[in-house]
Each structure stands twice: as structure tokens, then as C-alpha cells.
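Using the sequences and the accompanying hints, generate a full structural model.
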Amino acid sequence: MSFRDAHARRPEQARQRKSRVRRERVAAFGSLLVVAAIIVALVLDSTSGSKSHPSKATASAKRSSSSGSRASQPVTATVPILAYHVINVPPSGSSANPDLYVSAAAFSSQMAALKANGWHAVTLDQVEAYWTRGASLGPGKPIVITFDNGYASQYTNAVPVLKQLGWVGVENLQVNGLPPSDGGLTDSQIRGLISAGWELDTQGMSHADLITVNTSQLSYELTTAKQTLHSQYGVPVNWFSYPFGHYDATVIAAVRAAGYVGATTIVSGWASAQQNRFSLPRLQVLGTTSPAQLLSQIASAKATTTVPASFSGPGNA
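Numbering (the numbering used here), first residue to last: -6 to 310.
These aren't lab readings, by the way, just hints derived from the structure by calculation.
Keep in mind that the hints are not guaranteed to be accurate.
Here are the simulated lysine-lysine pairs, DSS-like style, with alpha carbons at most 30 Å apart [claimed, not checked]:
1. Lys108 with Lys156
2. Lys108 with Lys134
3. Lys134 with Lys295
4. Lys134 with Lys156
5. Lys108 with Lys295
6. Lys295 with Lys156
Right, dumping it as C-alpha cells:
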């Protein structure tokens, strides 16, 4: 090839090089566009996912939170508490109040009537757990069956009936003043109650009328009884039952200060979480109460519960 021909072809070669460079640049730019499009798509998909999935997670969390809130919220249901004393017939020629005596046969019939109408017995500690934490009280209608003073007949006549039903009771034991020779529970029987699943609570050291005693005696009745029973039987003693049903603001404050969870009265009505824990009402069951009357008493008391700030009237407890 001559110098002239080579020189003539240089412009053509330059144009070809420029054209090739342009094609390469276009191809590279196109590749960049494809990569950019892929990145944008991935970002959009990630953004979309972060918008949708957290909403699902949030909804799930809300459901979980809502469910958890319901479980931890105090329960408002009311529960009747029955009060019994001697589960036996009155002794012949006795001057004792016959209202305090419910025969073993009558007690059995009353419990059968409760069972037939959907009731089942629970303890005060179980009710408190239900009110404060939503703990289960089982199917059916819960009722608390308390026994005052610590009579031996509560062990010999009430335990077999309740045990047959799969139920438990609450023993409000006075530490002193009712020895076995006077019809009181023996140490072995008290331990038998606990073994049967009963809750052990108290009416103080000597069943004193607390609105009449001085500050020192009040503290002794409350604190010493709680400590003595806990030390002797190794179970918590969380509830107090007012002797004679008598209480006032001073007594309530002392019961609270002694470390009790609450206290029961003989004011008629159903107990609820909204009431003062230290003046929960109870329904007294008398010797003349028939099964039908007991059911009626329970039903009618639900709508008439009014707990006074103090009580010093007549009553059995």
C-alpha cells in the first residue's frame, strides 16, 4: 500500500474507531441502566416488604399485647362467700346459739344443691389470684366455703362431704380458746385439713372483739396469730375473719399492717375485686337454712351488696 493510500484511509479508520467507541459506550451505559434498574427494583421490593411485613408484625404485636392486657387486667366478677360454724346438731340441753349448728345431713344436702346448680368451692387465695391476675377458677360458678372458730366437727363432718365433691374449704382458726375438750380441732385434725387442700386463715389468738381492745392487744391478736399458725403449720395465713363480725377503720388498718391480704365480715353480700379487701361480705348459713333457701339466699344477696365502713351489730362469727 502506497503512502497516499494509507493517508487516504486514515480518516475512515478514525471514523470506525469513533463508531466502535460510541457502540462500546452505549453498551456500557445500557449495562449500567440494567444494573441500576435491578438495584431500584430490589430497593423498591425491600421497601414494600418493610412496609407490609412490619404492619403484619405490628398487628400481631397489637393482638398479642391486647391479649396480654386482658390476661393481666383485674377481673371484675363477684364471688359469694359462705360462713359456717359447727357442722353437727346442737348438744342436748345446750345453751349455745342453735343458729351456729348445721347438721351433717343438712350440710351434705346444701353442698349437693350447690353442686347441682353449677357451683364449685374455691379458696380465698384462689379468688385473689383470679381478681388480680386472671388466674383460672375452673369451669362453673366459684364459691368460697368458710368455717369459723375451729370446731372439730368441721373436720369430722365437713371434710368428707367436700372431699367427695372434690372441693376444699377455708378454716378461720382461733389459735387459743377452743381446746379439743370444748369441741375444738386437734393439731392432727388441723394438719388433716391442710392435707385435704383447705386454706388456713385465722380469727386471731383468742377470738377477741377487736373494736374493744387496746392497741397492744390488737397487734397481739393479729400479728401473733398469723406468725404462730405459719410457723406451726408451714402455710401462708393470708386472710383474717373478724370475731363477731366487728370491725372499724382502726381494726382494718391494723389488719392491713399485720400483713394480711384481706379480711371477711358477716355483712351479707357477694365479694368483688372492687370492694375493700379488708371488709369482704359473707353469707351466714344457719341451722334452719334448707338447700332451697340457701340457693335463694345466694341469688338475692348478689344484688344487695353494700359493705359499711364499720360494723358492730349482732352476728355470729
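Evaluated hints:
With a CA separation close to 13 Å, the supplied pair Lys108 and Lys156 stays within the 30 Å bound. Annotation: proposed proximity of Lys108 to Lys134 holds, straight-line Cα distance about 9 Å (limit 30 Å). The straight-line distance between the Cα atoms of Lys134 and Lys295 is roughly 13 Å, inside the 30 Å bound, and the hint therefore holds. Simply put, Lys134 and Lys156 have alpha-carbon atoms about 18 Å apart, close enough for the 30 Å limit, and the pair holds.
A threshold of 30 Å between alpha carbons decides the hint, and for Lys108 with Lys295 the separation of about 19 Å falls inside it, so the pair holds. Between Lys295 and Lys156, the direct Cα distance comes to roughly 27 Å. Compliance with the 30 Å bound is thereby established for this hinted pair.
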